[in-house]
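Trainee: Could you put together the complete structure from these sequences and hints?
Protein chains: 2
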Amino acid sequence: MTSPSPNPVLVEALRGGTVESQHRGALAVVDAQGSVLLALGDIDRAVFPRSAIKLLQALPLVASGAAERFGLSDEELALACASHGGEPMHAATAAAALARAGQDHTALECGAHWPYHDASLKALARSGNEPTALHNNCSGKHAGFVCLGCHLASDAGAEARRFLRGYVQPEHAAMREVTAAVQFATGFDLAHTARGTDGCSIPTYAIPLRYLALGFARVATGDGLSTGHAAAAHRLRQAVAAAPQMVAGSGRFDSRVMAVLGERVCCKVGAEGVYCAALPERGLGVAVKMDDGNTARAVEVVMAALIEALLPLQGEAAELLASLSEVQLKNWNGIEVGRLRASAALRHGLEPVIAA
Amino acid sequence: MTSPSPNPVLVEALRGGTVESQHRGALAVVDAQGSVLLALGDIDRAVFPRSAIKLLQALPLVASGAAERFGLSDEELALACASHGGEPMHAATAAAALARAGQDHTALECGAHWPYHDASLKALARSGNEPTALHNNCSGKHAGFVCLGCHLASDAGAEARRFLRGYVQPEHAAMREVTAAVQFATGFDLAHTARGTDGCSIPTYAIPLRYLALGFARVATGDGLSTGHAAAAHRLRQAVAAAPQMVAGSGRFDSRVMAVLGERVCCKVGAEGVYCAALPERGLGVAVKMDDGNTARAVEVVMAALIEALLPLQGEAAELLASLSEVQLKNWNGIEVGRLRASAALRHGLEPVIAA
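Chains as they are written, first to last, in the numbering used here: chain A, 1009 to 1364; chain B, 1009 to 1364.
Some hints here could point you the wrong way.
It does not matter which identical chain is meant; a pair holds if it fits inside one copy or across any two.
[As the list claims (entries may be wrong)] Here are the simulated SDA-like pairs of lysine to any residue, each with C-alpha atoms no more than 20 Å apart in a straight line: (1) Lys1130 / Leu1046; (2) Lys1130 / Thr1140; (3) Lys1338 / Thr1026; (4) Lys1338 / Gln1177; (5) Lys1338 / Thr1140; (6) Lys1130 / Pro1096; (7) Lys1338 / Ala1214; (8) Lys1338 / Arg1349; (9) Lys1338 / Ala1120; (10) Lys1130 / Ile1362; (11) Lys1338 / Val1027.
These are computed hints drawn from the structure, not numbers from a lab.
Mentor: This is the structure:
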């Protein structure tokens, strides 16, 4: 990250009419053949994709037959691709997915944390209870890993037990399937790249934005994927579009955008300012990383500006995306004190890919 | 902020051994005569200091005689300089300060929000109650403004009422005193700089880091301040050192550092990645601004590295600051997944000012 030419400023935070803070980053727009339609900043530096690739990590759950075997619903599949807010509907759906494989929350290896969703946190506190692993934002993904492990175990006889525990380890049979799916989809060699441990304890592999975007272009089109993965990608996109409230939650970007745009966009945020999206009608994949890791406000503005550029939008969809690419900031008294907005460099940079 | 040469990377976030995210910024170390001992990045761009200058904003509370008139305690004066976590001790101290002037929480114009301190938020939720303006992180500062207004009103006869309400407005008599104190201390012309509205609804004026650092060098030494402001600065530094738990709260940087270093450092964080500090034994002031506005993790690492460089530290103090300038990051299972650390550019840049 000590490149002589730093990544461009993509988002500005204004107070009054003055730029108070700014966020640099890089993004790639790529088609399923790997052609780069747009690159802003350095798209060849490997970045940890974190939760932005949960859909890729869920491909084996469907492609293996586990999802069909256990009869997972749209909600449960969408939750497998989610970083959710720990709302009651999310915790209940994770529990339901585990129950289909005869498991419960004690099978989850993601750790427990309080709900990210503010009202759900306070309601849980009021109830006098503590959070469980079901409230972890990754519980749906982990429930999917548990289902995959149970499926693999079913053919393993006396060996079955080892498929159920330790699935967060890179060498576990289920995690090997997950890692292989990410490698196949992105076409990037994960055996020779940096590996870190994610917040939920599974491995995360550093992948350049160019390859992350390619992976999501393949998800968008099915091109370049195995038949099984292409069908799984299609099934997961459908599930997410059918149950967008599962992917993030009340008031959250991914849920709001997909509730309005349906299957036109399949987007997913990741920690440390990463975003990936598949745009089927354009046959494109998108990947973004903010240098400063800002997920709380910056990367959503970039993704909103990207969607505005890449898709023709009208009515409610146009209004929603406009409100997300330039955001009013209010203080504790409800007074508007500033704005978040896509920078001129980002708006100008997107011009070559604007939808006709 | 579209300078051709961007500010240097001051902090790196690593996952495993790989840099995952990075934070750029600028800092100034200045003496009370305005000599710049160290500048990293652009120290002449005006930035909103936000809550980092609460001590300067509290100077009129003491210099006017209001603090003495109402008998404000160390705790109450420290809280006037605070961005606190809304712990019960903070809310109670704000209420006590208001009561000394015959007022209560309804006089506060900062708005209400839930405590930033996690356990206090949950305890309040469990109690079934809602937060009041006393829980606002700025309630102590606002209680000070109310006391100042009551003091000014006491000589105003029939006009008194207008000194009590509307104190967040720039033209209010109390706020004019506050703004004048900031201008005198920093030596920067606030009449001709950008003005924004802060989170607590008072005005915030854009000031270059060079002048913010000068203001804190003057606080450190008294040099260049009026006799009244110099005495007030000394009183406030004493109060903060005597009651450091009031300035931020349990587990927070400013409280932890000042609990160990006492009057050797008087430091204060502000929103959007700003930090200011006075270092009396070196006669220096310090000001920092992160480009990306990151207060949550980045700017504290910079301030810790600055204190390590500027003050000879031993024992508990050395250990504490070392743990704050290179921070272990753990995940939900308590596994260490990475580190926050001062960048090589920052460590190298600080070499010229390292204490003998």
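Trainee: With reference to the structure, classify each hint as holding or not holding.
Mentor: Taking the hints in turn, this is what the structure says about them:
| no. | hint | result |
| --- | --- | --- |
| 1 | Lys1130 / Leu1046 | neither (43 Å within a copy, 46 Å between copies) |
| 2 | Lys1130 / Thr1140 | both (15 Å within a copy, 16 Å between copies) |
| 3 | Lys1338 / Thr1026 | within (15 Å within a copy, 36 Å between copies) |
| 4 | Lys1338 / Gln1177 | between (43 Å within a copy, 17 Å between copies) |
| 5 | Lys1338 / Thr1140 | between (33 Å within a copy, 18 Å between copies) |
| 6 | Lys1130 / Pro1096 | both (12 Å within a copy, 17 Å between copies) |
| 7 | Lys1338 / Ala1214 | between (36 Å within a copy, 19 Å between copies) |
| 8 | Lys1338 / Arg1349 | within (14 Å within a copy, 32 Å between copies) |
| 9 | Lys1338 / Ala1120 | between (32 Å within a copy, 13 Å between copies) |
| 10 | Lys1130 / Ile1362 | neither (43 Å within a copy, 46 Å between copies) |
| 11 | Lys1338 / Val1027 | within (16 Å within a copy, 33 Å between copies) |
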